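Enquirer: So the chains spell out like this:
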Amino acid sequence: MPGRASVVHVHFAGGKYIGFDKITYGCYSPKKQKYGKTVIGYQGTVWHDSARVHGGTVNTLYERCQAAYHAFDGLPKLVDHLRILAVNAELASARAGDHGRAVRVLTQFAVECVTRLMGLVPELVGLKKRTYGVAGGILRAASDIAKLEAAGARMATLGNAKESLMVLDGAWRARLAELAASVVQLARTHEGLVAIAKAAREVMLQTEIISANIAIESTSAGPFEPELRAIADTMRGRVDELRAMIDGASRALRDAAESNQALAAFGAAGR
Amino acid sequence: MKCYTIWQNGDHRWLAFAQDPERPDNVIDTNQLAVVAGDCAMLLDPGGGELFPAMMAALTQEVPVSRIKHLFLSHQDPDVASALPLWRQVCGDDLTVHISWMWAGFVSHFDSHATFATIPDAGTEIALAPNVLVRLLPAHYLHSPGCFSVYDPKAKVLFSGDIGAALVPRERAGDIYVTDFDEHIHYMDAFHRRWMGARMARDKWVAMVRRLDVEVLAPQHGLFFKGEQVGRFLDWLEALPLGSGLEAYDQAMAKL
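Top to bottom, those sequences are chains A and B. Under the working numbering, the residues of the first sequence are numbered 1 to 271, in order. Under the working numbering, the residues of the second sequence are numbered 1 to 256, in order.
So that you can see chain A by itself, here it is in the shape it has in the complex:
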């Protein structure tokens, strides 16, 4: 619906607000155009427009962080399954006597892998808590910034409030700086999660090799071959589950890194 609209050009010098020009159009198309810090909408004007531009990024970041952790939701259960599997492998190799000697050695490595994987779980929980705390702060900051910008847009359109507009600009910059600091914290938790994903991938590769070797050793285990092969197959199945988990988390983390970079640019807009 085309209508009457005003365009406000906000001027800054040396990072300080120095004034604005207002141009009113009799008829304006709904198509939006950007002019540096200002954007013209068909219903009126805006002051800063970063919240609208970056609002999607903030929500996406939150969703991607959730997706990364969600991918690891099944990790404690998987670790438990692997632990039981390692115990079964140990028992089966003991029953196999001399036929199971090599498998017994491999089982020790499997137990080590499970122990390493178990150690990642509390680390993951701690990191998740920190991430949600920081992401919640970012969402709140983005919401505040959107409201400060909406207030600024209205004040710029109405005019007659230069002093208050300068104060508002200061508050806007301060909130953006806080957001930028939170984004840095989020980047740190993100790095922590990347490190966990990397460690989980190492464990996965080691476990995959162990399961392949148990399968090979089972061929010379005589009557115990079916039992040991079944353990190797089950272990490979769990490895595939772990791989899917890590791949899912890695995808989400790559996406989150992109959002994080975009938000860092948003935060830098206040400087």
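Please note: incorrect hints may appear among the correct ones.
[Said to hold, decoys possible] In silico DSSO-like links for lysine-lysine, alpha-carbon gap of 30 Å or less:
1) K162(A) to K226(B)
2) K162(A) to K77(A)
3) K154(B) to K255(B)
4) K162(A) to K2(B)
5) K156(B) to K2(B)
6) K226(B) to K156(B)
It is worth saying that the hints were derived from the structure and are not from the lab. Owing to the predicted nature of the structure, the values given are computational and were not obtained by experimental measurement.
Could you slot chain B onto chain A? The hints should help.
Expert: Quick look at chain B alone, frame taken from chain A:
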């Protein structure tokens, strides 16, 4: 958002900001008031976060934000206090936020960095200028257990918070004052019956207000009462059965 000057004498003014035409329908309509005295301004129930942009824009047409020295929160509701962190960001460090001692810890959930000047149960006085003083009067249990009204003896204006609140349809809200009291009852009756649960508190508040010289009674929602309408409102409130939600207990118990 519209700005109404309720009372003015020199640089001592009472302003009301209300009836924002851009307010979404799902966000309850609220009145925000400001008492201005020289270089000092006090915002009364500055409103919820959703309303902040409109309120900030309307207010700064009248008062530079640097003059806001006091924020008064009549009680803890989100339509009263959720914009607190935003106001604190735009107001100066000399801003004082007044709220009942009961709610300081609760309202901190809106803004954990805020500090409060807590109001004692019996109320207090705030000097806005050497010759301008407003009284914070108890309105406990109406509806919040820690609730205050604000009275300005010079302006004879009483800000009553949720007492006198009405949910007036947009198309009926032309003026800020009640013109047809009998019709207005339809917009405030159900609210008071349900929200106000304490008859003893109601009686005490009405008795207290009758001792004041009130020319304008301004609630946080709906229209204001002026002149003889103030008396009519007090008479109506005094006779109103309260606590309509109590019936739900009987309904629930009947099913047990």
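Enquirer: Now look at each hint and say whether the structure bears it out.
Expert: Here's how the hints hold up against the structure:
1. K162(A) to K226(B): Violated, at about 35 Å.
2. K162(A) to K77(A): violated, 60 Å
3. K154(B) to K255(B): Answer violated: K154(B) to K255(B) is near 55 Å, above 30 Å.
4. K162(A) to K2(B): holds, 20 Å
5. K156(B) to K2(B): holds, 22 Å
6. K226(B) to K156(B): Holds. K226(B) to K156(B) sits at ~10 Å (cutoff 30 Å).
When the structure is compared with the earlier hints, violations turn up for hints 1, 2, 3 and for no others.
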